[in-house]
Amino acid sequence: MTAQENGYAIETFGLTKVFPDWWGRAKVVAVEELNLRVRYNEIYGFLGPNGSGKTTTLKMLLNLLYPTRGRALVLGGSTADGMVSRRLGYLPEESYLYKYLSARETLDFYGRLFGLPAQVRRSRIDSLLEMVGLTGMAHRPVGTFSKGMARRIGLAQALINDPDLLILDEPTSGMDPIGTRQIKDLLLLLARRGKTILLCSHLLADVEDVCDRIGILYGGKMQVEGPVRSLLQHGDRRQITTGPLSESALGRIRQIVEAEATQCEVATPMDRLEQFFIRIVTDAQQRKQPTSGAVSTTAIGGFLVEEPADTTHRVLDRLVDKPVGPVAAGAAAVAGVEPTVTQPPAVEDRGLLEKLAHGTASSDAVQTDVTTSVPQPQPTPPAAEVKKDVLESLLGHKPAADGSTEPTRSDKPGDGRNV
Amino acid sequence: MYRVWAVARVTLAQAVRMRVAAVIIVMLLVLLPVMSMALEGDKTLQGQLQTFASYGLSLTSVLLSILTILVSTHTVTTDLARKHIYLVASKPIRRFEILIGKLLGVVALDVLLLGTFGAIIYGLTILVPHITDAPPDQVARAEHEFFTSRVRLETPVDKEKIDRLVEESYQKLLSEDRMPEGFNEWQIRDMIRREVQSAEATIGPSRVKRWEFRNVAVRDPNEVLYVRYKLRAIPQPAEDQAVANWRLGDFRTLDTGRLTSETRPYYVSRKDALSTTLEFAAPADVVAPDGYVALEFFNDPSQNYWSIIPSEVQLLYRSGTFTGNFWRVVAMILVRLVFLAAVGVSVSTWLSFPVAILICLAVLMTGTINGFIAESIDSLGQTLGFVYKFTVKPLLWFLPKFDGDFNPTRFVVDGRTLQWLVLGRAFLTTGVVRSAALMLFGIWVFSRRELAKAST
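Just so you know, the protein sequences line up as chains H and B, in that order.
Mapping the first sequence onto the working numbering, position 172 (from 1) lands on 204, and the numbers just tick up by one.
Mapping the second sequence onto the working numbering, position 69 (from 1) lands on 164, and the numbers just tick up by one.
Derived from the structure by calculation, the hints contain no laboratory data.
Here a beta-carbon is modelled for each residue, glycine too, at the ideal position from N, C-alpha and C.
Careful: at least some of the hints might be erroneous.
[What the hints assert, rightly or not] Not the full set, but computed from the structure, chain B residues with beta-carbon under 8 Å of chain H: (1) R98; (2) A101; (3) Q109; (4) R112; (5) R177; (6) K178; (7) H179; (8) Y181; (9) L182; (10) A184; (11) S185; (12) K186; (13) P187; (14) E545.
Throw the hints in and build the complete structure from the sequences for me.
Here's what the structure looks like:
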């Protein structure tokens, strides 16, 4: 078990794939000398433009394509080995589900392939259907689903065996922003529970939100690899976030900054479209407006979050019972070339959903809490805080903090200013 | 095994929801009852029953063969083309289990549909005599010749004897230097052979010909034996009739000079129409305890002024029930479907959908006329035969025969027993050995090929 000793859930050695032409001559070098290493219990973002060799690499990891040279170890072995594939969950770039099976039949089929007993299968299917918000459509053929709904079932099938390693190819493609958000939260939660996730995505914002490390592939070769935080942070800049400030205070700050012989930019933060969208849809859901589509739910498959029975897992749990990675724990920040001082989001490090759900327009929200951070493009809630209670509040299952059902934003334009 | 069943269940679900399956099911559900009433045959009850059983079973067999080919090729090729296989193969299932699951799913569909339509045909066949007002003699005849299960015995042509006679005649011509000019050796031998065969089959005036049957397993000595035959006469009599003198019994006693015979011979003398299949009954106690019985034809010169050529001489006796025989025939059809499913699954592992279908249909058609092809090529000259022996013949041997004596519907139509031995042999050779060989080849290909397409 070399990989486990070295702490790699996935490890490739000079992995190369050449597609020959009809005459057997090398036509396309899809992947070249790739040495990919994904550690246990990390979320690894595998990025690259179309045709860069990402999917080919995944297919080689899954034994669907055979390497021309080199080899790949997944969980210390080959995925052709049932003992390895038993611990693996895979969501391909499109869902590739049997159109004539219903959502429930689909999950039942994949559950059977894992040899899950009927009772376990039933309870996991119920749990997963609830988690992906398709309980009401359990008996509808998957062929009638929208792409996003099919992705949800695809994700559910990848989780039916409670896998140790998840290989996800574009998991959020075709999903609405709430679904996307939910999946990101789920990934963070799963990583916290000790799972390893290899995430392929074109949606860079999603990758950035959840990944510990990323690798960028181009032309079949790894161009750059490393922790998201160290790759993205601007070490020569600082960002200060504040509550409302008077003009005189701003003036004094400018003076201080200019005294340091550097530049200062003042701006008022804007809402992200994602936040705005979630608020609108949340309002509609709280009004119980009927829909034939997927419903955003609060549930995370019970079996995925339940306490593991054996002590090994408990130890693992303790080990991972902290912020997932440096990026996930990063403070809220706004992308910018220039150093900025920002007036709040008032509650530091709270997830977007939580803010929307509970409402943060309390007196606390306008207190001048100043936080300083190295600028990073997007705020990411720590996994520990984006959980059931948050989602429940979002969906109106629990009253919001201020007693109203409509979430209130603390950071609406006008409330604060970017300095 | 649970993984195999999981794949089989999905394959069955897929097949049941295919439009072509629905069309075939509806077609059979409508056509079978209509056929049972509309087909009249030779306007007798037996004719109606035979025509319906023949058409009904043949139609069901052909349509289910086509459905089996479609489903078995479709289920594998679409899994590959639509990439369903990515999800399945990345689960803890071996590739051979996927293919066996596919095969099992198709076979389950066949069992389901063949069972259903077999029951419908059986039910309608039993119902027809009750809802048609056929005269009692026709009902009795149908009961006697259709709703029965009779073993049919034939005596094989003595090829060795014919070969010997051909050789003798040829050597005689050679030694007497009477070889016809303008012909080569093979042509001369062929002419001699035809003469010898004709002479062997012909019974001249005052001559006797004997057919010997062994292993006649009549359960009850009170049973009845049936002799079926067809007569021709040379020269052709004006009235198109001839007198047939038959005798059945154990004549080995006379041959060996022993006077004690354990059976009593049975004599039949009747005037028969020529070139028509005829039948007479005889008591079963003519059969010796060791299962031997001989049939003799005596061409009485006082009654016939021509040579008689009997053909298709058969001995029949009851050996079971119509119901048992009917379902053995259905099981024989199932063996064919299992083989076709194995062909479909196997070739789909490396061929695309249209090509796989084409191959399967070619196999089905070749099987349907396999006996005919084999006979045609067998009659080719020795030179061509040599090439054939090492090329087409092994291929034809590998493909099962669906025609001639291997066409199961004829057993029901003739009320002929499809023996367990024959069914068992077909099951073993076609349903197990041939199908397993095909599946092993498919598994070998499927386990080695890349399941994903070459794309980046």
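For this session: Under 8 Å, Cβ to Cβ, is where A101 (chain B) needs to be relative to chain H, so tell me if that hint holds or is violated.
Result: For A101 (chain B), the interface hint holds, since the closest Cβ of chain H sits about 4 Å away, which is under 8 Å.
For this session: Identify whether the interface hint at Q109 (chain B) stands, where standing means a beta carbon of chain H within less than 8 Å of its own.
Result: holds (6 Å)
Exercise. Hey, does the H179 (chain B) contact hint survive, CB to chain H under 8 Å?
Worked result: Given a least distance of 5 Å, the restraint on H179 (chain B) holds.
For this session: Double-check K186 (chain B) for me: the hint is only fine if its C-beta lies closer than 8 Å to a C-beta in chain H.
Result: Holds, about 4 Å.
Exercise. Would the hint on A184 (chain B) stand, with a C-beta cut-off of 8 Å toward chain H?
Worked result: Constraint on A184 (chain B) satisfied, holds at 6 Å.
Problem set entry | Restraint outcome when E545 (chain B) is required to lie within 8 Å of chain H by C-beta distance | holds (5 Å)
For this session: Could you check if L182 (chain B) really has its C-beta closer than 8 Å to a C-beta on chain H?
Result: This hint holds: L182 (chain B) lies near chain H, its Cβ roughly 6 Å from the closest one there, short of 8 Å.
Exercise. Was the hint right that Y181 (chain B) lines chain H, CB cutoff 8 Å?
Worked result: holds (5 Å)
Exercise. Hey, does the R112 (chain B) contact hint survive, CB to chain H under 8 Å?
Worked result: For R112 (chain B), the interface hint holds, since the closest Cβ of chain H sits about 4 Å away, which is under 8 Å.
Exercise. Against chain H, is S185 (chain B) within 8 Å by beta-carbon distance?
Worked result: holds (5 Å)
Problem set entry | Given hint R177 (chain B) near chain H, where the shortest CB pair must fall under 8 Å | It holds, given that the least Cβ distance between R177 (chain B) and chain H is near 7 Å, below 8 Å.
Problem set entry | Hint status (Cβ of R98 (chain B) to nearest Cβ of chain H, threshold 8 Å) | Because about 5 Å separates R98 (chain B) from the closest Cβ in chain H, which is inside the 8 Å limit, the hint holds.
Violated hints are absent here; each numbered hint is respected by the structure.
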